[in-house]
Every structure is written in C-alpha cells, then in structure tokens.
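**Q** Single-letter residue listing:
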Amino acid sequence: MTETLTGSQILCRALLEQGVDLLFGYPGGAIMPFYHALPEYPQLRHILVRHEQAAAHAADGYARASGRAGVCVATSGPGATNLVTGLATAHMDSTPVVAITGQVARAMMGRDAFQETDIIGITQPITKHNRLVEDVEELAEAVEEAFYVAQEGRPGPVLIDIPKDVQNQKTEWTGGRAGKRTVSARSNRSPLRPSALLEDAARLIAAAERPLIMAGHGVLLANAYVELHAFAERTGIPVITTLLGISGFPEAHPLHLGMPGMHGEVHVNRAIQQADLIIGLGLRFDDRVTGNLAAFARDAKVIHVDLDPSEIGKNVPVALGLVGDVRDVLCSLLPAVARRNCDAWRAEIASFVRPRQEAFRGDLSPETILDAIDEATEGRCSIVSDVGQHQMWVAKLFRYQLPNSHITSGGLGTMGFAVPAAMGVAMARPGQPVWAISGDGGFQMNMQEIATMVQEGIPVKMAIFNNGYLGMVRQWQQFFHGRRYSATPIWSPDYVRLAEAYGIAGWRVESADQAADVVRAANAEPGPALVEFMMEQEANVYPMIPPGGSLSEPIEGEPAPLVSA
Amino acid sequence: MTTSQAVSVLIEDRLITLNRAVGLIRRRNLPVRSLAVGPTDTPGLSRLTIMIHSDTATAARAVQHLQKMVGVRAATAFPAGEGVARELALVKVRAPHERYGELLDVVQLYHASVVDDSPEAMIVELSGSEAFVLSCIRALERFDVVEVARSGTIALGTGNDLQSGTLP
Chain S
1 MTETLTGSQI LCRALLEQGV DLLFGYPGGA IMPFYHALPE YPQLRHILVR HEQAAAHAAD
61 GYARASGRAG VCVATSGPGA TNLVTGLATA HMDSTPVVAI TGQVARAMMG RDAFQETDII
121 GITQPITKHN RLVEDVEELA EAVEEAFYVA QEGRPGPVLI DIPKDVQNQK TEWTGGRAGK
181 RTVSARSNRS PLRPSALLED AARLIAAAER PLIMAGHGVL LANAYVELHA FAERTGIPVI
241 TTLLGISGFP EAHPLHLGMP GMHGEVHVNR AIQQADLIIG LGLRFDDRVT GNLAAFARDA
301 KVIHVDLDPS EIGKNVPVAL GLVGDVRDVL CSLLPAVARR NCDAWRAEIA SFVRPRQEAF
361 RGDLSPETIL DAIDEATEGR CSIVSDVGQH QMWVAKLFRY QLPNSHITSG GLGTMGFAVP
421 AAMGVAMARP GQPVWAISGD GGFQMNMQEI ATMVQEGIPV KMAIFNNGYL GMVRQWQQFF
481 HGRRYSATPI WSPDYVRLAE AYGIAGWRVE SADQAADVVR AANAEPGPAL VEFMMEQEAN
541 VYPMIPPGGS LSEPIEGEPA PLVSA
Chain E
1001 MTTSQAVSVL IEDRLITLNR AVGLIRRRNL PVRSLAVGPT DTPGLSRLTI MIHSDTATAA
1061 RAVQHLQKMV GVRAATAFPA GEGVARELAL VKVRAPHERY GELLDVVQLY HASVVDDSPE
1121 AMIVELSGSE AFVLSCIRAL ERFDVVEVAR SGTIALGTGN DLQSGTLP
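Going down the list, the sequences are from chains S and E.
With the working numbering, the residue at position 289 of the first sequence is 289, and numbering never jumps.
Plus 1000 on top of the position in the second sequence (first one is 1) and you've got the working numbering.
By construction, these hints were calculated from the structure, which means they are not laboratory data.
Hints are supplied without guarantee of correctness; some may be wrong.
[Claimed, not checked] Simulated crosslink set (DSBU-like; lysine-lysine; CA at most 35 Å straight-line): (1) S:K301 - S:K314; (2) E:K1068 - S:K314; (3) S:K170 - S:K301; (4) S:K301 - E:K1068; (5) S:K170 - E:K1068; (6) S:K396 - S:K314.
[What the hints assert, rightly or not] Okay, the calculated bits of chain E under chain S, using three or more residues with CB under 8 Å as the criterion: (7) 1009-1023; (8) 1055-1069.
Heads up, the beta-carbon is just placed ideally off N, CA and C, and yes, glycines get one too.
Given the sequences, and given the hints that come with them, work out the whole structure.
**A** Right under this line is the structure:
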C-alpha cells in the first residue's frame, strides 16, 4: 500500500531510513514546512542550536565521534550561509556531514527573493557534493544520494537545498528507492591495487634502515587501529601521528614518537629529516606537516597510502602509491612484510630528544591541567580542542589512550570549533566525559552554545585556557613582527559569572595546586560545567618551524629581539 | 615538460555539473587555454574539453580530481599532439576594394571559406589546430580584422583510445 506524503514528511522518512536519529538545526521561513512535519517523527531528535555555524560543527563532531554522518538543518539565506564555516571545516578534514537547507519557493528563485541565496553556488567548493532538489519526486533519492556520497570513499560534507514549495508538494511514498544513479555509478569505481605493488612495498620496507610510519586522519576514518598496531609491532617501525592522526595509535606505546611539523618535537622532525623511508598512511602531507617541501625528508622514499588517488603525489613525490582504505591496505600488506626491528634507528631517534624548560605563572602549565583531566576521567574521555596555542599543547601533552579520543579542526583551523563540536561528540558518546578545551579567543566565538547545552542537557565540560591574548597570533607577532601586538590583546567577561548566568557550575583556577580538585569537581557535574584557567600570558609553543621553513631549523626558545635600525 | 594537454570530460549535461567542473579547474589553478563544451552522441551527456598548458602529471591530477565529482562519467587527458585537436574560428574582416583579391588568396591558402559577404565586411570560417587557426588569423590581420569568435579546442584521442560514458 502506498501513502501520499508531503515533501517534508518524505524528508523525515528518508532520514529515518538512513538511520538518522539526531539533527542539529535552526528553523526559519523557508524550512518551516519541514519543522511542521518534524513533531510527527519523534524518533528524530532535534537540537536547537543558537547559531547555525554551531549546528554544522556539532554535526561534524558527531560524525567524527560516531563514524556516521552528522546532520544539520538551516533555513535559506542567512541560515544557510551561517553553515558555511562548518561545512568548510568538515570538507578540509574529510568528515561526513549532511546539511539540509530550505530554499525560497521555485517560482521565486532567481529573483532575489527575501532570504534567497545561491547556497549551491556558495558551497560548491567546500562540499563533496551539493544538490538543489527541483521536484518532490527526486527528494527521497536526493537524500539517499547525499548520505551515500557523504560516507563513501573519502568522506565529506554534502548539502541538499530544498525549495519551500517542494517541502509542501505531495507525492506517493514508496519507501527506499534503491539502485540510484549516483550510487551505482560511483560504487563501480574500485581502486586498483595490484599485488605486485604490495610486494614492492614490502621490499622497500625490508630494505629500509631508517623507516618511519606517518599516520594521519585516514587511520581514524578507516578504524585501522588494530591493523596499524599490528603493522608497527611486526616491523618495529616508529609511528608519528599527525594532528588529525593523534589517538590513532596508543600514545604510551614505545613505538610512538609524537606529532610532526610546525610544532612537532625536535626529535620527531629530525627523525623525518633523517629517514630513508616514510610510510604515509591516510595523510595529505599538509604544509603544516612538511614545512618547506624542497627540504622535506630529502633522503626518504615515500610510500603513500590514501583512499583518494588525487592525494598521492600531490605534495611530495612518492616512490609508491597505494590507493585504498588504510585498513584494507594494511590488511593486505601485513602478511607480505617480514618481521623485523628498528632498534638501532630507534636508539638514534632517542638521542635526538631535547628537554625543554618553560615557566608558567603559578606553575599552571598545560601539563598540569591535562594531567588533572586525565586523572579525573581515568583517561577515558574525549578531548575536543579549538585552534591556537592550547590546541598544540593539547595535541602533544595529553596521554590519549582511547582510539579517536582527540578531535580538532586540522585543515581549516577553525577557531570556535571546540564548544559546538563537543556537543556533537557528547551526543555520540553518551556516558563518556567530553572536555571542550578552548583559548579565550575561540571560546568567545561560540560560547552562546552553553544555552543549547543547558536546554538540551548536553553535559560538555568546557576548559578555557585564558591568557588574555589571541596567543598563537601573538606568538607570531613576537617572533616575526617585532613584538607588535596588533589586535591580539583580548578582554574576556567574568567566565564564572557567565556560567552562573547560564545556570551551570563554573570555576576559576589561578594556580597549579587548585587544578586537580576543580577538574575533578567539574568532571563530576551531571550537566555542563566551565573551568577557566588563568594562564601565563606570554607563554609560547615550542619548538616552532617558521612558516615556509625547513623541518631541520626549529625555533627552540625566545628569539633575540630585533635590533631596530 | 610543459605542452598543450587536452583534458576531456564526459559530464551530465546540466549547467550545475558544468559549473562544478569549471569551478574545480579554477580552484586548482590549472593553466587553462580554452574550454569547449557540447552534446555527445549519448543523450544526457556532454563533452567538456579543457586545453591546459602543463606537464602530464598536472593533467593527470586534474583528471583524478574530476573523476571524484558527482556528475562526471569519465575523464581522460592526453597531449594534444597525441590526438586530434581542432578549433573553429569565425573572423569578420574588411578590406578595401583594391585588396579584395589578395584577401581571397589568403582565405584559399588556409582552406578557409567565406561564409558571409556583406558590403561592410566578410566573415571567414576556418578550422584546424590552435596553431593553424592563430596563423591564419595573423595572416588576415594584414587586412582590417573587426571581430574574432573562436570555439576553443575540442579533441579526441586516436585509435582505440576510446572514452565512453553511458547513463544507466
């Protein structure tokens, strides 16, 4: 038996068919028919955010934490354009997000109608795919296509734009109309990976004296933890994890080296520069990882494994490219490689390690805070970081034990990401503590979402590393702009009273001895909680490779002040 | 080595798909010399030919990016010299009465034809490789060239180098 449904009802049914049970969104004129239908489908929980950007970041956070597509909803015009930063963030980090936007009615389109914007045109470069639904007859298929494209191969965001009158149009609901054009056209494209290539890879690995594994986001996206662990242990090859690869390999494992690149530790970058083989697993060789490409790992042959063939050889020349899901490739490679060890090479890398001494006011260092979170959560928490100095400290200093427990905006470097993304992570991982760690700059970009957490009961713990500056920009000004702190001092409200205004628990921590107790109390709060840490104002992230510089030339301490002419 | 490369793409014949393909070419900073698009023998599919001046690796990467796009059915690249690459040009040209015969000699020399002969100016149609077309236009510039319209290059690989796409 068939039923006649409106476009909005079909949209709800199609979402349910995709297994969706959670939407982050904000209503408005052109999406009202959908919001009218929504209460008929109580299985679809809707979280009302305070700004559409937060809806996109929350959907992204949900996707990163759950491995399933996150969904956000907005109206036409300003609602849709507010999604843009969140979609660009998801696009750069390859996460599956489906955005649904209302559009003005078809008869009004192209006439600069109220709240009309060409969101298809606007989001074209920052989505994996997007589509205007021109008739209700194609709506169910468009939803199925969106979820398929967002999640297949290298994931990414997909936007579907639905005119208001299409949401009201009626047609017969026939259920999942399988065998769609795009789905069938794209599923035929299986990567070519002849076994000869695997043998070549095994030979390169056996012949290398100073090999390294560089593990990126692809390891997390492919759930390749077990395989990477087995591969590293079988070959004894040390593992470097990029910013988005962190928590893809156990932090405490003896083979784990740390993060490479602009703020990578000296011994990690030096290992790269001395390596004779780099096995890149699901990473893009981004400029923040490689520094100056001409000076990057000159002695190393590169084996690059990536799901996206266009990534192979894009930035660094490769000796061997293996196209495929990291997990699939490692499964095929594992039986082909001989058991070996890299003890001499590891000892050499260990000799590169340099101690650092940094002073923090009241001894309140990032280590103290992160140790307190580690202790209060017994290491079983998700850390969502924002962008800037604290992001680097959080990346390098927390002892990630759980796979995929570190979530951050890598490629786009979106300040304001942590607080809304943490809501998505918390929704995906009920019962697990989720700490959103931001600087005082990034926190103020999306702190309005505390209201969302309160209204919806989302128990995110927020930590603010407050140093009164846009710290990373200030650091660059100190190093490269003669200490001219232009527009980087930033005032903050009284965060404890802000917490009070929102009706949540809030603390200010001024010295190291307060940190453990406060973090324990915040972590024990049943609802959202906020902790402000008063940090040393002009602390720097060391070491640092100057932008465009070689990995061999790190800045390890405060540079001498410029001599004025 | 940098040469003229043809990137040939079969796409669904919707403006949005064309828009997306061209947007991708722009975003990836490809050195585009010409773009040409038109229908194919398969209903619903268009062929977009993008001529770029690059090495083969750049052209191959363009193909990989295009192949990821929804709406692209097939994409390939080959050096223009390894296929047949042609463009069409219409040149509106004026000549004083006493040089009319000289103008017709140039038209004949380039196997071009006069497709309109209005009293004010004539329109010459010519086709060939980009170099041939440019050379002919230069020859016509000895007269008074008023307007030029060029189609951009279309190209096909030779022999069994087939590229087909079908709608299911």
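**Q** All hints, please: hold or fail.
**A** Comparing the hints with the structure gives:
1. S:K301 - S:K314: Given that 35 Å is the threshold and the Cα spacing comes to 15 Å, the pair holds.
2. E:K1068 - S:K314: With Cα atoms ~15 Å apart, K1068 (chain E) and K314 (chain S) stay inside 35 Å; holds.
3. S:K170 - S:K301: It is violated: about 59 Å lies between the C-alpha atoms, which goes past 35 Å.
4. S:K301 - E:K1068: The hint holds at about 27 Å.
5. S:K170 - E:K1068: 34 Å, holds
6. S:K396 - S:K314: Cα-Cα ~27 Å, so holds.
7. 1009-1023: holds (count 4)
8. 1055-1069: Check passed, 7 qualifying residues.
When held up to the earlier numbered hints, the structure conflicts with hint 3 and nothing else.
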